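Based on the hints, put chain B in the right spot on chain A.
If you read the sequences in order, they're chains A and B.
Converting from the first sequence to my numbering requires adding 99 to each position, the first position being numbered 1.
Converting from the second sequence to my numbering requires adding 333 to each position, the first position being numbered 1.
Simulated from the structure, these hints should not be mistaken for laboratory data.
Misleading hints may appear alongside valid ones.
[Claimed, not checked] In silico DSSO-like links for lysine-lysine, alpha-carbon gap of 30 Å or less: (1) B:Lys381 - B:Lys468; (2) B:Lys399 - A:Lys453; (3) B:Lys642 - B:Lys468; (4) A:Lys453 - B:Lys381; (5) B:Lys381 - A:Lys535; (6) B:Lys639 - B:Lys446; (7) A:Lys453 - A:Lys535; (8) B:Lys623 - B:Lys642; (9) B:Lys446 - B:Lys468.
[Said to hold, decoys possible] To give an idea of the interface, some chain B residues facing chain A are shown, with a C-beta separation under 10 Å as derived from the structure: (10) Met367; (11) Ile371; (12) Asn397; (13) Gly518.
[Claimed, not checked] Just the calculated beta-carbon pair ranges, DEER-fashion: (14) A:Val543 - B:Phe377: 18 to 26 Å; (15) A:Val576 - B:Glu458: 28 to 36 Å; (16) B:Glu458 - A:Phe594: 50 to 58 Å.
In this text, all values refer to a predicted model and were calculated from it rather than measured experimentally.
Note that beta-carbon positions come from the ideal geometry of N, C-alpha and C, so glycine has one too.
Chain by chain, the residues run as shown.
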Amino acid sequence: MSSAITTGFIPQAKPRPPRAPGENYLNVAFGVRSWLFTTDHKRIAILYLVTVTILFFIGGAAATVIRLNLMTPTGDLVPADTYNKLFSAHGIIMVWFFLVPVVPTVLGNFLVPMMIGARDLAFPKINLLSWYVFTIGAIITLWALLAGGVDTGWTFYTPFSSKYARTNVLPTMIGIFISGFSSIMTGLNFVATMHTMRAPGLIWWRMPLFLWAHYAASVILILATPVLAMALILVGVERAWGIGIFDPELGGDPVLFQHLFWFYSHPVVYIMLLPAMGIVSEIVTCFSRKHIFGYVFIVWSSIGIAVLGFLVWAHHMFVAGQSVYSAMIFSALSYMVAVPSAVKVFNWTATLYKGSIAFETPMLFALGFIALFTMGGLTGLFLAALGVDMHVHDTYFIIAHFHFIMVGGAVMGYMAGLHYWWPKMTGRMYSDFLSKLAALIVFVGFILTFLPQFVLGYLGMPRRYHVYPPEFQVLNVMSSAGASILAVGYVLPLFYLFWSLYAGKPSGPNPWGATGLEWQTPSPPPTHNFDETPIVTTGPYEYSMEESAGVH
Amino acid sequence: MMFAEVPLFPEQASTTAQHVDALFFFLCAVCGTMAVLIAGLVLFFAFKYHRRAEDERTPRIEGNNKLEWFWTISPLFVFFIMFIWGASVYTSVALPPPDAPEIFVVGKQWMWKIQHPGGQREINELHIPVDQPVKLTLTSEDVIHDFSVPAFRTKIDVIPGRYVQTWFHPTKVGRYHLFCAQYCGTSHANMVGTVIVMEREEFRNWLGSQAATGSLADQGRQLFLKFQCVTCHSANAEARAPVLEGLYGRTVTLNNGRAVVADDAYLRESILYPEAKVVQGWEPIMPTFKGQANEEELIKLLAFIKSLKPGQTPVRNEEASPPLDAPKVPPGGNPKPRQAVPTSPSQGKSSQP
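Isolated chain A, as found in the complex:
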């Protein structure tokens, strides 16, 4: 089927180091050292894949206990203190050690050099360093969470975190602080790579949208992460030495922390989302066999999200005593940031029009992304409305909204991407039936888990409640039942993807008939990605053959 696709990429006659037939990045060397000291972006991607997958299941285990505890209004499973530590651990691990790194460090690391026709990232050693830094940060934080735990929530609001909490606040924050450097290194590496290492002919406006999305996300990583680092340091010095910054007893302002925290933590949502949106753009075009609808608008919407994302942080603080005028400005800006997200959804929908749509597993996950992200985005409009936010702020409505965005959006997108590029990464195909089943289970389980939470939220059930009034039980049990289905959907891929490594059919270089440079090289790719440097003459989505290829 790939023969039907003309790619428009002409190989350039530039010799690469010769390789033995069948040699690829996986079998070129063996042993622990060949992995721990590798500078190959593809191997580092695998290191990250293993690390974040472990962290995902640890964070998921915490979520499981949370949902089990909420089966009864009296919270019979765990004591209040343990419950608080569990939701804190869930948030901390999932946000900083899974959602932020997952797409850039796994799929981004693997694909950014391949998509631009380069041998590696601009700074391969820094890339490896970023994994070590990330892993050290993760180990410190995990140690802090397991050896006593932390009960501040992932948001570390002051003065609770800086003065009143009697748990491992400092070690946890040190781990997060350290892992932040890994984010910055990854972001810098991507920006530098995209500026300097694009293949001949790969002008900016021919870059795949996956790369544009990663570029925008990288800029946020570089600019926002230092602000989180500052906020954590300030909490640390107040907690350790009693230097008054946030504690009103010491002349500080507790709300200042929220400003600093959300100045990072709102843009961070777009660090999670933008790369996932990039994935969806690649997949929707491939499985509709269509040119992307409105390429330039999607690019600008990514940039728009990255810029506007920095200007909406105080919408997390509408009930935190800010002035009415400040609240109005941030409400208006929050509506502005909804526009570029809507533009993307419209464009993906329009791309389907007159396509040739194949429902392969990655496409099912991508369609799931569109559905869940749209719902997440639309419920965001409720929260941007000051009058409604006043009621649903800090309730399960918020929980449901951001899980639609971060799990229904970012994780769904990641799953789509993982299934799309898995054959490229491993050279193997996974079970078609089981993977489609997993996509269905995840979608159904997700809806059942989080849809009741919107109702709970409007009823007024606050978040982070270990016990709750009995009339909320039915909806909570529904949510917990959905979570158990969702858990099956996440565990299942673990099995069939592992299984594919041993028993999967060889995928060939381009199983989906996709355009894009990464498909022009064997699967798994050789260490240097391309035997000959590709030359790019067309845009990235030349799926439609009616007109002459090469015109963009």
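Below, chain B without anything else, positioned relative to chain A:
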């Protein structure tokens, strides 16, 4: 109890709740339409254009600028309506009706302490009359809490070191949940209570049945004497500090020329951090009462100062309780012993209300 078995929509028990719900339904309608439209299009395309043959071809469509601008611009109009509507509801909650009686709330780990203007106190319960607005002034003794009454659709973060205000106009008699909505530590989920909206007559009876040692302002008056505030803030001609009669809500000029309104926050700051804002013409000799007056006592002092009309400043006499201890002189302040009565008015006037 009044709670239905499996509610799907919260009780609507205040005027604000009606406004919030109207906006909520509008948003549901608009967003629901959009969701159905997008889902419908995706499903329709997915069905209509599903791949029928492996070598199927597709037309090359790069986009359509008119369409792009249409769906970039048109949401802005819809969003503008949402924004304006949301802001107007929010603004109405930010501005309490001036005549509403003021109830004070102090949050602490993990309880709500409530003081009525008449001096009645409650813990984790708030009794209020129906069909009459009430104003809440809230603060926290420790961490940030949030006073949330879903049936009223109001919620406000209760921030230590600050006074925040909210208000509601209950429209329905009943018992409603009061939640702490801002995570505040171990027993956050137990920092809950009940708001009891009663018929006015019933409420009056309830107020009468509650033991109270004088109104909040009376209790503040006792503290005003106990803390020896009256020694300097007296109505004498040779007072060392400004008299506080009719001060609340007035604009005062500071010694740096700035003008500030003497509101709750200013009064609180002046009691706890007297050097922060010194009134023009007075010396910064007032000692801090930080660590001596707790949040509830501060509220009583505030209630007293607010109620203080011309000629009502108490006279220090034998009935007043003796001072707890001599207030400490602030560093850099006037080291003059505080019991020394100034011989002439010019010798030193204190700054603070």
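- Query: Against which earlier hints does the structure fall short, listed by number upward?
  - Reply: 1
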